[in-house]
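Model the full structure from these sequences, guided by the hints.
2 protein chains.
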Amino acid sequence: MTSQCPAPRREEELVLLGHGSGGRLSAELLDTLVLPALDGHGGPLEDAALLPGHPELVMSTDSFVVSPLFFPGGDIGSLAVHGTVNDLAMRGAWPVALSVALVLEEGLPLSDLRAVVQSLGKAARAAEVPVVTGDTKVVGRGAVDKVFVTTTGVGQRPGALRPSAALARPGDAVLLSGPVGLHGTTVLSTREGLGFESDIASDTRPLHRLVRALEPLGRHLHTLRDPTRGGLAAALNEIARDASVAVEIEESAVPVPQQVAAACDLLGLDPLVVANEGCLVAFVAPGAADAALDAMRSTPEGRQAVRIGEVLAHGPRGRVTLRTLVGARRIVDMPLGEQLPRIC
Amino acid sequence: MTSQCPAPRREEELVLLGHGSGGRLSAELLDTLVLPALDGHGGPLEDAALLPGHPELVMSTDSFVVSPLFFPGGDIGSLAVHGTVNDLAMRGAWPVALSVALVLEEGLPLSDLRAVVQSLGKAARAAEVPVVTGDTKVVGRGAVDKVFVTTTGVGQRPGALRPSAALARPGDAVLLSGPVGLHGTTVLSTREGLGFESDIASDTRPLHRLVRALEPLGRHLHTLRDPTRGGLAAALNEIARDASVAVEIEESAVPVPQQVAAACDLLGLDPLVVANEGCLVAFVAPGAADAALDAMRSTPEGRQAVRIGEVLAHGPRGRVTLRTLVGARRIVDMPLGEQLPRIC
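Sequence lines, in order, name chains R and F. Per this note's numbering, the first sequence starts with residue 2, numbered consecutively. Per this note's numbering, the second sequence starts with residue 2, numbered consecutively.
Calculated directly from the structure, the hints in this document are not laboratory data. Be a bit skeptical, because a hint or two may be false.
Treat identical chains as interchangeable: a pair holds within one or across any two.
List time: in silico DMTMM-like cross-link candidates among lysine to aspartate or glutamate, alpha-carbon distance up to 20 Å [what the hints assert, rightly or not]:
no., residue 1, residue 2
1, 147, 311
2, 147, 193
3, 123, 14
4, 123, 291
5, 123, 40
As structure tokens, this is what we get:
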């Protein structure tokens with residue numbers, strides 16, 4: 002308000018779409034604004050948090066704002082269950098209970114609401130987790146786009162697995178449970194009517210049974226993460242940062258379905274930054290890699306599991322690199338902002 | 002689509018503002034659409050649910066969509082903490098952990114977001130509950146109105162108290178911890194610029210310490226409920242329904258601040274249906290009523306606690322009546338729909 006301060010005033014800055022991308026802008030918003038206000042601990046940001054006083058229980062929450070509500074392979078209801086079940090599973094937990102909070106737009110057809118809630122209930126039953134409580138708010142037309150769903154889950158860790166983003170170690174094998182890019186390209190193609198959606202479908206599905214299949218690995222399983230917003234690039238960068246290690250993956254080893262590659266070509270997107278909702282990356286001790294791959298492949302969700310890289314013994318900490326098909330190396334950066342808004 | 006079916010097609014029905022009111026339309030939506038899809042148990046709908054396998058833990062979730070974001074006495078951040086802490090407290094639980102999910106509108110000033118999150122953090126610290134995990138999504142301009150906040154809480158019951166809406170019994174004294182109508186009239190007056198907001202403020206505050214003060218009552222404390230959406234009328238009707246009892250209150254005993262009465266007169270509102278965010282009703286065994294009132298009045302939150310009525314020994318089950326100042330009786334109905342949208 003005074004002329005003594007010519008620098009741009011921080012208070013005039015605005016929320017950008019990129020602040021919700023799961024990339025660098027998201028991390029910055031968290032680090033500079035949200036976590037300081039909420040006494041964030043400054044440790045690794047995990048997919049789910051330990052419940053104070055109950056070390057066997059973890060808790061995770063996610064708001065789902067995907068547009069459109071329905072897409073090949075899923076809808077906002079099933080996605081809201083899978084997303085939260087998977088965040089719990091990435092800490093080695095089995096889901097115990099879900100809560101569901103709906104915000105509805107006045108004028109939404111009840112048939113759409115019914116379809117969403119029925120899909121949500123079906124997905125919860127399929128994942129064997131009860132929805133124990135919920136909330137429904139309605140706001141006027143234009144105050145929300147159709148339906149937003151927030152699911153929160155509590156999960157129980159059986160004790161065998163204690164994966165954490167901070168536990169990746171040099172020498173670890175980097176495993177991927179399935180192909181990447183399906184969810185993001187399907188939602189985007191459906192929303193924009195690009196036509197790819199007739200050939201591809203979201204990979205949305207629960208991963209807790211896949212994680213349970215990994216229990217025999219015990220503490221040899223160091224880290225799990227599902228590469229959702231920001232894709233594989235964001236997931237690997239988070240792990241590299243939190244564990245302070247150098248990760249290298251082989252371009253030729255990362256399974257990218259042909260239709261995903263075609264859609265990404267058209268859109269100028271790197272498949273590595275496209276959101277997934279039904280695969281995970283696992284960092285395991287080198288001696289346990291084959292057993293982990295066998296365990297993953299024994300489940301429907303992990304049938305196409307592959308080894309895509311490793312944690313380098315020597316390398317720049319916090320960095321992710323890709324060895325290309327022709328043998329060159331390039332840095333896989335943390336995505337900056339929002340390439341695919343409202344993808345989950 | 003055929004001419005053989007002249008009746009209005011259910012599938013063409015739309016979500017109405019009243020479906021989020023906490024009144025009869027809300028109950029109908031829950032009973033006919035949401036709960037069947039989610040395998041709702043059909044029992045009493047409590048403020049918080051027991052966590053399967055962990056009978057000492059309860060869970061509750063709420064989305065907050067209040068407009069405006071800031072109002073005398075509070076804001077969406079503090080409200081989101083108090084609302085969830087209080088839902089846990091109504092089951093006799095102390096909050097153990099909160100999760101926070103934000104949906105932000107592109108273009109929101111970061112200063113507003115900072116103010117909301119800082120208030121949320123301050124309220125959580127004041128309530129002595131950690132925010133353990135969260136999520137942030139950003140949607141395009143017009144896809145959400147500024148900020149919606151969903152908080153989910155897990156609470157622990159020390160064992161002394163096991164209140165439930167189903168446990169109210171004939172003869173119970175009905176106690177109210179403080180005056181009614183402040184939150185709803187404050188938010189509405191602020192939003193519409195009615196002018197009352199200069200003299201009144203929301204009662205938003207955490208009630209878990211007040212509930213802890215009631216622990217010596219043990220099982221003599223039958224039922225707790227905080228009369229939020231739908232106000233005292235909805236809370237008493239829910240209890241009358243779930244416990245299958247007749248509740249009668251004295252009009253003269255219900256404390257309605259003068260400014261609330263004036264605002265309600267102007268707006269044609271019954272103060273009994275206006276939302277509160279800082280008081281509770283308690284149903285206690287008749288012999289324990291005085292001790293309960295003393296305990297409540299020993300806390301800052303319950304200083305103005307009063308006895309407002311009783312559960313009738315004989316009376317129509319599920320019905321709430323009011324004895325008016327002139328001695329007549331009138332039925333206090335469950336509010337139908339939405340009189341005060343986006344109040345919490």
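Right, here's what the structure says about each hint:
1. 147 <-> 311: The answer is neither: 43 Å in one copy and 43 Å across copies each exceed 20 Å.
2. 147 <-> 193: Result: close within a single copy only, 17 Å intra versus 25 Å inter.
3. 123 <-> 14: Result: close neither inside a copy nor across copies, 42 Å intra and 23 Å inter.
4. 123 <-> 291: neither (34 Å within a copy, 49 Å between copies)
5. 123 <-> 40: between (37 Å within a copy, 10 Å between copies)
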